[in-house]
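Colleague: Next come the chains, spelled out residue by residue.
There are 2 protein chains.
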Amino acid sequence: MINIAIMGHGTVGSGVAEILINKSNHIAKSINDDVNVKYILDLRDFNDLTYSEKFTKEFSDIVNDSEVDIVVEVMGGINPAYNFVKSSLAAGKSVVTSNKELVAAKGAELLKIAKENNVHFMFEASVGGGIPIIRPMARCLAANEILEVKGILNGTTNYILNKMIVDNMDFNTALKLAQDNGFAEKNPASDIEGHDACRKICILASLAFGKHVYPQQVITEGITEISLDDVDYADSFNCVIKLIASTKKLPSGKITASVRPTLVSRECMLSNVDGVFNAVMITGDSVGEVLFYGPGAGKLPTASAVVADVIDCANHKSFPSYIKWCDGEDGYVISHDEKTKLYVYAKSSNFAALNDQFNDLFGDAPCIKNEINGEIAFITNEELESVLQKKINKLSAETKKVMHTLF
Amino acid sequence: MINIAIMGHGTVGSGVAEILINKSNHIAKSINDDVNVKYILDLRDFNDLTYSEKFTKEFSDIVNDSEVDIVVEVMGGINPAYNFVKSSLAAGKSVVTSNKELVAAKGAELLKIAKENNVHFMFEASVGGGIPIIRPMARCLAANEILEVKGILNGTTNYILNKMIVDNMDFNTALKLAQDNGFAEKNPASDIEGHDACRKICILASLAFGKHVYPQQVITEGITEISLDDVDYADSFNCVIKLIASTKKLPSGKITASVRPTLVSRECMLSNVDGVFNAVMITGDSVGEVLFYGPGAGKLPTASAVVADVIDCANHKSFPSYIKWCDGEDGYVISHDEKTKLYVYAKSSNFAALNDQFNDLFGDAPCIKNEINGEIAFITNEELESVLQKKINKLSAETKKVMHTLF
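Protein chains in written order, with my numbering: chain G, 649 to 1055; chain P, 649 to 1055.
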């Protein structure tokens, strides 16, 4: 009998409880043992559930019960989750979490504590909701050196951008709709400013390259400045705007990492990821590019990823984890000057001058000109980013917007 | 020290040897032990390699060497691979294979022998080349009951169809080009007639639903009858033609399984899978739809999947495998009458009569009519397939073509 405690009975927590309780037969088959949800920790009262007797408000009930094998942390936030997880690991219990904030901030430390105690710390559900990513990356691509990871890691912003692209809805209306449909929080900052995607790319970068990447090391830009004009111009270049999180290993051993709105060519699989779906593209030195796609959030998808980790913990009670990374360090994540194409939008009341400068500097770059509005939008040819930026700086324009591209 | 024998030094086998030998440090880190390729079995001579001393022509060298822990079978075909794999498992060696023909024909039996001998039988590379599919399905989606699996499992046919769709190239020219580029064999039958995709959907269906599905149980249709007209009509309905392999669980516990050319809506992620790439979409009861995409063949991608299995075997020397399915049975795979939309093409020298029948039977179905050629192409509304077939039979036409659709 495997005894499990679930900390948190919100959206994901209630999904985990439902799957573990309602599908206990299915799960028992996967682990050749019975599963029992022994405790659910939540400060709120849940008196009308078939499993109301499992609730406790005291973490000590869980950590002090030697029968509890696996602790599921689905409370979210750093505190008190961090202390609860640390104590659980130290007490010899494996921990499964969906808490990306916690893993992005404390992953290396918690993995170390898990190792010292010969237990697991697993977090498949922390990136990409229900999509299998962590395990495929660590296990199935184990023969590869990972070179690059890029993807759409936030469903809320992808939903908003999709509404702007497909329904020509402006940002604020699309955000409101996302909120009305439960795809965005009342306070949407962590999604629309890119912080959520940032935490997830930190986790993927840490796993891919073996060293912890902290959120503050990642260049993070949200989607609040994207206008319908940008969307239209992108369309003219056969692109869509997506919030792309990416990380790449450099020959020096250092890495780059960023979250930013990007013009993605419609030829690229990532351009086809619509609505609240997520996708991660991983480049390995042997396999080339593989992509994982699916629901990036939601009660049951996320809960199913949590339960997959629970099954894995139960199947490998004291087996060393395949997830390994060490502490990060200052200077590990850097900006790197490499060849790229940029999207540029410039607007000037002196269109003739702007147009002359454009012709001088960017010559035959594919462009859209709107003389009446004084606007030029174009995709540069491929050059070193520093070279491109210098040229872009020379354009005399009242308004300038530059975005990265993915072709 | 983990000793490995590789049986077969063709495309995949040489890739496996290269990865295991050239990246031995990387792999040693993943398994906390050294790896050593002790034998390579091949009847041909390879005298000029840095590792020529490892070659043998005698299987007995491998099976009788108690130091060999893991046998990699990348010879292909049923014989002698089947006997070699059986003997290796019986001798207590784990076996990793990329041989879909063998797994589709003998998977249940070989898994049983592996279990009896407390060793592994693994075959990640047998479906989808380098794309992680088997492990994610068995492990990451373990909390799910799998409801349906569908995908593009053959890169050769996808390449040919893509050339027809994008470059308006006819079937024979596209096939020739595929052969010239090494994407199709001299004798392309097993690809273009659907047998290769059939073997792969057998493996996925067996794994998804727990009972062996044999190739002869699967309705299999190739792409040799697809014309450029079909491609054009599909385009008019915002669809592309793809060779779709699919399997689905029915409420009765029985399943359906088929490989057939299908009109896939451009809204569907599978429509965007181009060239020799493969993709598999899995529907789970909790997670919903997830998709895995990547290179479905090729030396290093396939070899990297083989080596991932080798790493897994080395890490779990005598651990029970997570891959389980039992013997199949007659009557397990059935045809099932369900609601669907069909694509229909009909051509008649009496267009007026055909048109009247079409209007009577299919009313407002979206259609393209070419009176001069006497042709009508249309997508039916959604009805039971048996009902649709009866109506289609009533159309008086010299030529009729019916395809399934995926919207």
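Check the hints yourself; a few may be wrong.
Heads up, the list lumps identical chains together, so a pair's fine if it works in one copy or across two of them.
[Stated by the list, open to error] Taking lysine-lysine pairs in the DSS-like style, the calculated list, with each CA pair at most 25 Å apart, reads:
| hint | residue 1 | residue 2 |
| --- | --- | --- |
| 1 | K677 | K965 |
| 2 | K965 | K763 |
| 3 | K705 | K947 |
| 4 | K902 | K734 |
| 5 | K1048 | K834 |
| 6 | K1017 | K995 |
| 7 | K1039 | K824 |
| 8 | K1017 | K1039 |
| 9 | K811 | K1049 |
| 10 | K754 | K677 |
Quick caveat, the hints were computed from the structure, so don't treat them as lab data.
Colleague: Against this structure, judge whether each hint is valid.
Modeller: Hint check results:
Proximity of K677 to K965 under the C-alpha cut-off of 25 Å is found in both arrangements, the shortest distances being 16 Å within a copy and 22 Å between copies. Taking the closest pair of Cα atoms, K965 and K763 come within 25 Å of each other both inside a single copy (12 Å) and across two copies (20 Å). For a Cα distance limit of 25 Å, the shortest separation of K705 from K947 inside one copy, 22 Å, qualifies, whereas the shortest one across copies, 56 Å, does not. For a Cα distance limit of 25 Å, the shortest separation of K902 from K734 qualifies neither inside one copy, at 29 Å, nor across copies, at 47 Å.
Taking CA atoms no more than 25 Å apart as the test, K1048 paired with K834 passes in neither setting, with 31 Å inside one copy and 56 Å between copies. In this homomeric assembly, K1017 and K995 come within 25 Å of each other (Cα to Cα) only inside a single copy, at 10 Å, whereas the closest approach across copies is 48 Å. For the homomeric pair K1039 and K824, neither the shortest alpha-carbon distance inside one copy (38 Å) nor that between copies (47 Å) is at most 25 Å. Taking the shortest Cα distances, K1017 and K1039 sit within 25 Å of each other inside one copy (18 Å), while across copies they are farther apart (54 Å).
Taking the closest pair of Cα atoms, K811 and K1049 come within 25 Å of each other only inside a single copy of the chain (21 Å); across copies the shortest separation is 38 Å, beyond that limit. Only between protomers do K754 and K677 lie at most 25 Å apart by alpha-carbon distance; the minimum there is 24 Å, versus 34 Å within a single protomer.
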